[in-house]
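A.B. asks: Quick mapping for you: the protein sequence lines, in order, are chains A, B and C.
Going by the numbering used here, 301 is the number at position 301 of the first sequence; the sequence numbering is gapless.
Going by the numbering used here, 1003 is the number at position 3 of the second sequence; the sequence numbering is gapless.
Going by the numbering used here, 2148 is the number at position 148 of the third sequence; the sequence numbering is gapless.
None of these hints come from the bench; they were simulated from the model.
From the three backbone atoms N, C-alpha and C, an ideal C-beta is built for every residue, glycine too.
Careful: at least some of the hints might be erroneous.
[Unchecked claim] For lysine to any residue, the following SDA-like pairs were computed, each having C-alpha atoms within a straight-line distance of at most 25 Å:
#, chain 1, residue 1, chain 2, residue 2
1, B, 1005, A, 251
2, C, 2442, C, 2429
3, B, 1005, A, 351
[Said to hold, decoys possible] Some residues of chain A that are not near chain B, with every Cβ distance over 12 Å (derived):
#, residue
4, 8
5, 343
6, 383
7, 394
8, 447
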Amino acid sequence: MSALTDLTLAEARAGLDKREYSAVELTRAHIAAVEAARPLNAVVAETFDRALAGAAASDQRLGAGEAGLLEGVPLGIKDLFCTEGVRSQACSHILDGFKPTYESTVTRKLWAAGALMIGKTNMDEFAMGSSNMTSHEGPAINPWRRSGDNRQLVPGGSSGGSAAAVAARLCLGATGTDTGGSIRQPAAFCGLVGLKPTYGRCSRWGIIAFASSLDQAGPLTRTVRDAALMLRAMAGHDAKDSTSVDTPVPDYAAALGQGVKGMRIGIPAEYRVDGMPDEIEALWRKGADWLKAAGAEPVEITLPHTKYALPTYYIVAPAEASSNLARYDGVRYGLRLKGEDLRDMYAKTRAAGFGQEVRRRVLIGTYVLSAGYYDAYYLQAQKVRSVIARDFKQAFESVDLVLTPTAPSAAFAIGEKMDDPIAMYLNDVFTVPASLAGLPAISVPAGLSADGLPLGLHLIGKPFDEETVLRAAETLEEAAAFRAKPAWLEDGGAP
Amino acid sequence: MAIDKATVLRIAQLARIEVKDEALDELAGELNGILAWVEQLGEVDTEGVAPMTSVVEVKLPRRDDHVSDGGRRDDILANAPEAEDGFFVVPKVIE
Amino acid sequence: MSGVVEGRTGPWEMVIGLEIHAQVTSKAKLFSGAATAFGAEPNTQVSLVDAAMPGMLPVINGYCVEQAVRTGLALGAEIKLFSVFDRKNYFYPDLPAGYQISQFSQPVVGHGTVVIDLKDGSTREIGITRLHMEMDAGKSVHDLRADATHVDLNRSGVALMEIVSEPDIRSPEEAGAYVRKLRSILRYVGTCDGNMEEGSLRCDVNISMRRPGEAYGTRAEIKNVNSVRYMMKAIEYEAERQVEILEDGGSVALETRLFDARTSTTRAMRSKEEAHDYRYFPDPDLLPLELDAAWVESLRAGLPELPDAKKARFIEQFGLSPYDAGVLVAEQDSAAFFEAVAAGHDGKLAANWVTGDLFGALKKAGLGIGQSPVSVDRLGGLIERIQDNTISGRIAKEVFEIMFESGRDADTVIAEKGLKQVTDVGAIEAVVDQVIADNPDKTAEFRGGKDKLMGWFVGQVMKASKVKANPQMANQVLAKKLKG
Ligand SMILES: [Mg+2]
Ligand SMILES: [Zn+2]
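Make a model of the complete structure from these sequences and hints.
C.D. replies: Here is the structure:
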């Protein structure tokens, strides 16, 4: 770690503008960090040459006074984003060797803003997981460790590699995607800010689909301001995505610094779930107090159907996934196994190409859509989803934001919670409701657990009101004054 | 409604995922566990509730009828496991 | 074949429903900007969306929506202001995404009607269950290599309208009339070119047999029928096959069958043998399709006069028979040609000329009405010469043939060939006198009461005048002279 890798994205941009260092120097510092951090397995494809070439071009633009919003900033890109000429495999065996001939809209916008790709980051296979354990590339390792315990921890998932990379200072920010919590939960596990924008805010074009009605791209950064900067570059209408919304992209960073005075913050009673650790409950209360101290008014609210969000999600998402993943059939790209005939080729390719969790979800999704079961499962789930969205709509008639914990626990060790799929699914219990309702939500690092691991607080906003979400997140960030650093940085690297 | 081995096999065939016989029992157990858990949705009164069609309140955008794509066969075939004479190639299909 | 098959144990009635896939005449595909032109090199009209590359998303072609709605309006059908695109999931190499985007539970067009015209001039109403939009699949080529199938995705994503009829059709003839009528309507509104050879219009036939008046039996679906003639043959074969099974006490399998044009038989499709479970659900990449009622009304107002209305008007305005009117309105161009010829001329005469000599000559020459060597004006000119007695109807046929071959107008042909009718009484009297003088025996027989010989005498006069004598005048003069 050097001084250059410890900068925030905003600081790095300011330094580049002042020519305190060049984009090439900034990039080289991060390349060195990535090389040193290979044991973390956060980056599955290193794109150093491309980053350096881009950095040289950034330096020219910086010199010419033509710098973009993210000019010269090295970023990690989740392997779910299709990047032209660079492996884009959703960390799945079935996409072995897949190099798109096209660039996702979000990454294209990032490059247009001057950002640089330092590498593709690890993730749960097809974004299905909350631990990064389902990656075909093996797990990414959380740079944090429990105090006095050397066991390796998961970074959360599915954007685990992005979170590990940003936390370990391998890049100044990273893209993630969030279907049920896949940005926010790993952000919480790694002591980062993770923002899931409103559904429709960032284009899904060129992002390998998991569950189309839920998937949304967003940034993982070390500060709220950095998240605001990255989101501005990533967001915007895209005519190639029918669910992309055509509303102007505000200058999110400009909304910061205004505090929360007069805001009403909803505290939903239903998020006090059985078995929630006391320290999580205490942090949640602390969060409400911080906002109150800054002039906001915490209000008890009710979101009565909260407990049904997770089962709803585990019908809707696998159903969509079972259909979205049908295209991986060994015909046009990726893995193909030999079979006795076409049908056998399909079955063998898909059995070998998909990992256990993906196979499990595809089968569940196939079942809940199949003849005779559609009404009881899928249709009922989509109705409950309407009810959950209505709960939020009603709540937002009287509050500006909803405050909850991000996850029911801190990061767990590799190997824990692996036997029981439902225990793993419970990681997303606080993040899934906002996903189902398509609402913007953010996780902010707010404190440490008793054993020294980061814990996050979670704010949910009204549709397309990312500005209010970011403003309150900044207030929490200031109050929490989270300065702890992962063990990876403290002890100079040895995991 | 519990899933038996035969159902798992049928679903796996529908999804075109080969499942070995010896794995069927365990898979049936896992799927039953998940299904039993999601079945709590049956408790929710959804009488008169319209199923969610989209969380965004926008109209379906419509394109103009212009040819703006195609003519990129090399791109289309670039990642193909097998291609020949401009076609994708798959094991013989008998109709 | 009629719609009833006489079996050993009694009569069986055909129950037929048709699913027509009509390709929308759009330049670009339903969900991508790739071209739809027929006959391109494999995979050259394929976008990343059509090939279902990872992360690709559909965006609907608004023109195709408009054409589906216009077609629905032309079928007198209910237009649904709210409809939904669903995914129909199944694995097949020419279906890249593993699902077809179609409309299942909420199609854009509901119930409608098609009136079919039968040979005896009668009509029947066939119900339309629905019309929905969907994307076409690609094409699998099975004969390039013994051990492999080749896949071309040029058709993948082309916009189709699937038009489903009620099981109201009762015979091969009705099925043929239905397809011809639907094709005619589609061509009138310009939403599908109806070209069956190029696959722009494809039929799937659902057929079952029942005892007249009883409940429907189990149906078989026949795919791959790419002409009206083949469809009728497929129905005939399938009806016999099913009756044989039923008479032997067996039951017909609910299955998909393929028509083999070489042998005029059908056989069960191997690739479709498993019972399908398509797992339809609304496509989360697309929002529901919501239409504006005023927009729909503006499309209704912009529809052309449709075949049934035109037929009724032709019968009323020109006194045509239902059959002739039906033939004329089948194609919009023919109807327009006829109407232009009929303007200022006798309508029935114009209809006879257009449906008779003109259609016959065009068919023989392999030409469409738009390529007719005899223009509207020239055919009108010919009819004028008949109406003003310059030539007889019989001579007119000869004149028409020369006009068709040479492209010249009627007056020029009549003058050049000296075909002008003789209406000079003196000249005709001279011919008549000569005929009477040459045939004293026949004259005596006629005068002895054999009236029937009149026709023979007229023929002799026409022959002697090289068919130029005005037939009515020849008759009058002969009658006067023979009886006198
Ligand atoms: Mg059909
Ligand atoms: Zn169809």
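A.B. asks: Could you run down the list of hints and mark each one as holding or not?
C.D. replies: Status of the hints after comparison with the structure:
With a C-alpha separation of about 56 Å, the suggested pairing of residue 1005 of chain B with residue 251 of chain A is violated against the 25 Å cut-off. The straight-line distance between the Cα atoms of residue 2442 of chain C and residue 2429 of chain C is roughly 18 Å, inside the 25 Å bound, and the hint therefore holds. Straight-line distance between C-alpha atoms of residue 1005 of chain B and residue 351 of chain A comes to about 17 Å, which keeps the hinted pair within the 25 Å bound. At the 12 Å boundary, the C-beta of residue 8 of chain A stays outside the reach of chain B, the nearest C-beta of that chain being 32 Å off.
Remark: the non-interface label on residue 343 of chain A conflicts with the geometry, its nearest Cβ contact in chain B lying 7 Å away (cut-off 12 Å). The Cβ of residue 383 of chain A does not lie farther than 12 Å from every Cβ of chain B; its closest approach is about 4 Å, which violates its non-interface assignment. The claim that residue 394 of chain A lies off the interface holds: its Cβ sits roughly 14 Å from the closest Cβ of chain B, which is beyond the 12 Å cut-off. Consistency note on residue 447 of chain A: stated as away from chain B, and its beta-carbon is indeed over 12 Å from all of that chain's, at 31 Å minimum.
In this structure, the hints that do not hold are numbers 1, 5 and 6, in rising order.
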